[in-house]
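There are 2 protein chains.
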Amino acid sequence: MIYLDNAATTVVKPPEVAEAVAAAIQHMGNPSRGAHARALGASRIIYETREKTAAFFGCKRADHVIFTANSTEALNIAIFGTLSRGDHVISTDLEHNSVLRPLYEAEKNRGVSLSFVRADRRGCISYEEMETLFRPDTKAVVCTHASNLTGNMLDLKRIADMAHKRDALLIVDASQTAGVKKIDMSGTGIDILCFTGHKGLMGPQGTGGMCIREGVEIRPFKMGGTGVQSYSKVQPEAYPARLEAGTLNGHGIAGLSAAFDFLNRTGTENIDAKEQRLMNRFLDGIRGTEGIRIYGDFRTERCAIVSLNIRDYDSGDVSDALEQDFGIATRPGAHCAPRMHEALGTREQGAVRFSFSWYNTEEEADAAARAVRTLAAEE
Amino acid sequence: MIYLDNAATTVVKPPEVAEAVAAAIQHMGNPSRGAHARALGASRIIYETREKTAAFFGCKRADHVIFTANSTEALNIAIFGTLSRGDHVISTDLEHNSVLRPLYEAEKNRGVSLSFVRADRRGCISYEEMETLFRPDTKAVVCTHASNLTGNMLDLKRIADMAHKRDALLIVDASQTAGVKKIDMSGTGIDILCFTGHKGLMGPQGTGGMCIREGVEIRPFKMGGTGVQSYSKVQPEAYPARLEAGTLNGHGIAGLSAAFDFLNRTGTENIDAKEQRLMNRFLDGIRGTEGIRIYGDFRTERCAIVSLNIRDYDSGDVSDALEQDFGIATRPGAHCAPRMHEALGTREQGAVRFSFSWYNTEEEADAAARAVRTLAAEE
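Chains as they are written, first to last, in numbering that gives the first Met the number 0: chain A, 0 to 378; chain B, 0 to 378.
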């Protein structure tokens, strides 16, 4: 099978990821619970992974790296833990439901008001329009680093500068970019960076987290055992325990640690360059073919995602044909990004998404292009 | 090393658990995202694990099994998702902070009132006292199945009958019993059963969940992508999507599935019997030794946990000596169970906990008993 659904999850991982997880399952104790070798070994692996995460994303403090089950959880913690009644938030049409649904909940039940920067038919936003949306009560901008549907990226530096001029926070969903694009949260001015482990980082499912800039206060989301300050009725004040409750996914985190080693050895710039070459090769193979409509902006830096439709065919039918007739795995439908589909005009049709990873090959990109041309040529 | 900290996490797992996780990391797609073979394969594994979980715990509907990162998350979802302003809750002194801290938060900030059934110096509660705590506004009893400190178990059937007579829910923390004690939530009358995967179930860290009785309504806790109903501004109404947001820990769930197979093949009654034999052997080896104080009630059914102190020695020092001089891993200190320590009178000293698993041996129990006797004989 040619797997081109890497924006949903990468299925080919560096072999050391599975090895590290399997090893952890066979020997790891419960971190922060007890002081024997197995517990201390677990604590050490987890702390080292915090350090690797902080270094990887330019977060100044390893103890401000929080581990979560996925980026959705990190975004929920960030959104519900920073916003209060009366706050205003700016977001964009590019967002995934992992940003939208917590924001809608905050709007409906927690007295938060929302403004969205509109995207055009190419999936681009206007930063000038964003600038006009700021209000004295704007508490945060919550936005994605890249659309999971079009692959378009946002200029986080520019948004950070706008936000910080008004003392607003910048909360970023890096689900599509972590591991592929260089992210320097301190240099860029990201206040809270939310990431998932199982996509571009090529780690296990069940891993993810957030990096918090020093000085940013986030209220606890879950409460429970932390292995420290057992007699306190509330979560410990200090990060990371403030935002982590219960036993961490130490086994998964051991795999994430191995994934960071692979990424550091390989170089995200090399990974990005290869994915871009594959995307462009695929694009070159289908460009100009009659009946194909490609979404997104290919003039600036982007993720290796190509979403398209063929004529007025249902995207689910096209995706099924790609798999059954050509052995190519893609993702059709709505992609949990309702505002993006509205902007692109693909609410009914959805879109077929091709997303590339480090482990794809030129032959696979060529095969995908041939398949799309063949389907477009059929009546 | 002789590992006797199984109540914190089991470090020896059935070999097929690590194998299943490693295999999943190498081939599993993202469940509910896309319809290609890798995504469907992931959905299938997860649905099968829901079915195994439901069958294992006597939950009538597989789609009422929710997967979470651990039991703490499940308890947070259950507590915050069922309680509303004005509700009263009954809990007990046996509880872990995973129950206590969400309840304290609900009391402090969400208008919920709490009553606790006191435990005596043996760690037992009076069901007659519990009966007196019910009020017309009692919405739920939230309690553990077994204390993580003493191993004492609660009579859930009796509590369920009391609760249901008043239309109150029974929410159970089965962290210490799942996988070891037979749990039939339908027969017992448990409304929400919260469990973790990495202890008695012998699955991976990062797994756990809750089984919900049909008809019990729990509000969403996290919001985000579900792969279905992308255009809805709120979480889908139907379980399990209502309470699951973002990509599940499919890799871990594959390991949990393998763990259920092992448990079903081995028989929880056999596992329980073996653990009880090991606990009793250890107890026989230390009983009557001068200077040892053992906590908990050994007259009725219990978990294979023995917590003790030696003279007035700091429990941390004893635990350190057990590891350094005898190679035995135990857990000292406060065990995230502050009310239990208050009841036992061990707030300052903590306690040294020995907890047994299927993979421990008689030789290990004997060695632990010898070590305790040796330490007790030292001045």
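Simulated from the structure, these hints should not be mistaken for laboratory data. Even for Gly, the Cβ is constructed at its ideal location relative to N, Cα and C. Honestly, I wouldn't trust all of these hints.
[Said to hold, decoys possible] Below, simulated PhoX-like cross-link-like pairs (lysine-lysine); rule was C-alpha separation at most 20 Å, straight line:
no.	chain 1	residue 1	chain 2	residue 2
1	B	232	B	51
2	A	232	B	107
3	B	273	B	107
4	B	181	B	107
5	B	180	A	107
6	A	59	A	232
[Stated by the list, open to error] Across the chosen pairs, the derived CB separations fall in these ranges:
no.	chain 1	residue 1	chain 2	residue 2	range
7	A	236	B	319	41 to 51 Å
8	A	292	B	11	48 to 58 Å
9	A	136	B	185	34 to 44 Å
10	B	15	A	156	16 to 26 Å
11	A	186	B	185	30 to 40 Å
Consistency of the hints with the structure:
no.	hint	in the structure
1	232(B) <-> 51(B)	violated (32 Å)
2	232(A) <-> 107(B)	holds (10 Å)
3	273(B) <-> 107(B)	violated (43 Å)
4	181(B) <-> 107(B)	violated (36 Å)
5	180(B) <-> 107(A)	violated (43 Å)
6	59(A) <-> 232(A)	violated (30 Å)
7	236(A) <-> 319(B): 41 to 51 Å	violated (28 Å)
8	292(A) <-> 11(B): 48 to 58 Å	holds (56 Å)
9	136(A) <-> 185(B): 34 to 44 Å	violated (50 Å)
10	15(B) <-> 156(A): 16 to 26 Å	violated (49 Å)
11	186(A) <-> 185(B): 30 to 40 Å	violated (56 Å)
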